[in-house]
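Peer 1: Sequence:
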Amino acid sequence: METQVGDQPLHQPATQTDFEAIKMQDTYDALTLENQVKCPILRLPGEIRNKVYGYVFDDVKIKPGPWYQNPVTKKYSKDLYGSYGLELEQRSKFFRNKHLWYPRERLSLLQTCRQINAEAKLFPFAAGTLQGDDYFINDVIWRVPSKAQANAITTVELVRHYQRRAYQRQAYVRLLYDSGMMDQALRKLGELRGVKKLVFCSLLEDIETERLDHHRDQCFLLVGEVLSKTSRGAEIEVAITH
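Read left to right, the sequence shown gives residues 1201 to 1442 (my numbering).
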């Protein structure tokens, strides 16, 4: 039977694009094999490579992307282009900043080859410290990273800044803790599989030294109470600093 107009043949001939894609994949595979043979780091045992990755990405504060001023509106907003490095997988079109600040020279390791990228791409989250206030933490955990990236986070530093006012003498603990957004951030942290340590950092100004320890203890109790209601809260080490 002759093929009529509109009928689809059972077997489509391969197009030039298909051949180009296959050829490109063969090239990538050949480069990967060459890297495995010639790249010194890939000739090391996996355990030693992990130590190298940990050394490169250790002790870095992962912060919100930098701010820039719009030349037209003169308003400041988050850097849309991630000029400082670590680009995450965006999960919400309403979240304007899909980038976090991270030292560019350290991320260059991930560009060595595909195998190293696959092995080490979660190390920035596992070895570094995610640092920011409760609003930033809420956005980062659920709106920016992929599930794998979020679960790779091991250390979080929640920062709260408070300067005493004369009429707020009786509101230290409430203001330092800020129960609304802070509760939400703590509940989310308590559900992540990788988080092992939470540092609650209160940047205090003009607060009497003799009352500081009391407020820190109260914050510790409040943080522990919220975490205890989450699936992994009991496994997370909590430290309160100022």
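The hints are simulated quantities; they were obtained by calculation from the structure and are not laboratory data.
Remember, it's a predicted structure, so these values are computed and weren't measured experimentally.
Glycine is no exception: its CB is placed at the ideal position from the N, C-alpha and C atoms.
Just to be clear, a hint being listed does not mean it is correct.
Restraint-style ranges between C-beta atoms, simulated for each label pair [said to hold, decoys possible]:
1) LEU1244 x ARG1387: 16 to 22 Å
2) PRO1245 x GLU1425: 27 to 33 Å
3) GLY1424 x VAL1252: 35 to 41 Å
4) LYS1429 x LEU1244: 18 to 24 Å
5) GLU1425 x LEU1244: 33 to 39 Å
Only pairs whose alpha carbons sit at most 16 Å apart, straight line, appear in this in silico EDC-like list of lysine to aspartate or glutamate [stated by the list, open to error]:
6) LYS1321 x GLU1391
7) LYS1397 x GLU1435
8) LYS1321 x GLU1357
9) LYS1396 x ASP1339
10) LYS1263 x ASP1383
11) LYS1261 x ASP1333
12) LYS1388 x GLU1319
13) LYS1347 x ASP1383
14) LYS1263 x GLU1319
15) LYS1397 x ASP1339
16) LYS1396 x GLU1319
17) LYS1261 x GLU1357
18) LYS1396 x GLU1437
19) LYS1251 x GLU1357
20) LYS1429 x GLU1357
21) LYS1397 x GLU1357
22) LYS1347 x GLU1425
23) LYS1397 x ASP1259
24) LYS1397 x GLU1247
25) LYS1388 x ASP1417
Peer 1: Now, for every hint given, state plainly whether the structure supports it.
Peer 2: Taking the hints in turn, this is what the structure says about them:
Distance hint check for LEU1244 and ARG1387: the Cβ-Cβ separation is about 41 Å, which falls outside the suggested range of 16 to 22 Å. Separated by about 45 Å at the C-beta atoms, PRO1245 and GLU1425 break the suggested range of 27 to 33 Å. Against the hinted window of 35 to 41 Å, the Cβ-Cβ separation of GLY1424 and VAL1252 comes to about 36 Å, which satisfies the hint. Separation of LYS1429 from LEU1244 is about 44 Å and departs from the stated range, judged on CB atoms against 18 to 24 Å.
Look at GLU1425 against LEU1244: about 46 Å separates their beta carbons, and that is not inside 33 to 39 Å. Distance check on the hinted pair: LYS1321 and GLU1391 sit about 22 Å apart at the alpha-carbon level, beyond 16 Å; violated. Restraint check: the Cα-Cα separation between LYS1397 and GLU1435 comes to about 9 Å, which is no more than 16 Å; the hinted pair holds. Note on LYS1321 and GLU1357: the hinted pairing is violated, with a Cα-Cα distance of about 21 Å set against a maximum of 16 Å.
For the hint pairing LYS1396 with ASP1339, the CA-to-CA distance comes to about 20 Å; that exceeds 16 Å, so the pair is violated. For the hint linking LYS1263 to ASP1383, the alpha-carbon distance of about 21 Å lies beyond 16 Å, and the restraint is violated. Pair hint LYS1261 plus ASP1333 holds up; C-alpha atoms about 13 Å apart against a cutoff of 16 Å. Taking the CA atoms of LYS1388 and GLU1319, the gap is about 26 Å. The hint is violated against a cut of 16 Å.
Taken as a hint, the LYS1347 and ASP1383 pair is broken in the structure, with Cα atoms around 21 Å apart against an allowance of 16 Å. At roughly 23 Å between alpha-carbon atoms, LYS1263 and GLU1319 are farther apart than 16 Å, so this suggested pair is violated. In summary, the hint linking LYS1397 to ASP1339 is not supported, as the alpha carbons are separated by about 19 Å, beyond the 16 Å threshold. Note on LYS1396 and GLU1319: the hinted pairing is violated, with a Cα-Cα distance of about 21 Å set against a maximum of 16 Å.
As the CA atoms of LYS1261 and GLU1357 are separated by approximately 9 Å, the hinted pair is consistent with the 16 Å bound. Of the supplied pair hints, the one linking LYS1396 and GLU1437 holds, its CA atoms being roughly 6 Å apart against a limit of 16 Å. Distance hint between LYS1251 and GLU1357 is unfulfilled; the C-alpha atoms sit about 24 Å from each other, more than 16 Å. Restraint check: the Cα-Cα separation between LYS1429 and GLU1357 comes to about 20 Å, which exceeds 16 Å; the hinted pair is violated.
Between LYS1397 and GLU1357 the CA atoms are separated by roughly 9 Å; this keeps the pair inside 16 Å, and the hint holds. For the proposed pair LYS1347 and GLU1425, the alpha carbon gap of about 26 Å is over 16 Å, so the pair is violated. Between LYS1397 and ASP1259, the direct Cα distance comes to roughly 14 Å. Compliance with the 16 Å bound is thereby established for this hinted pair. A threshold of 16 Å between alpha carbons decides the hint, and for LYS1397 with GLU1247 the separation of about 24 Å lies outside it, so the pair is violated.
Our distance criterion of 16 Å between C-alpha atoms is broken by LYS1388 and ASP1417, whose separation comes to about 22 Å.
Of the numbered hints listed earlier, those contradicted by the structure are 1, 2, 4, 5, 6, 8, 9, 10, 12, 13, 14, 15, 16, 19, 20, 22, 24 and 25.
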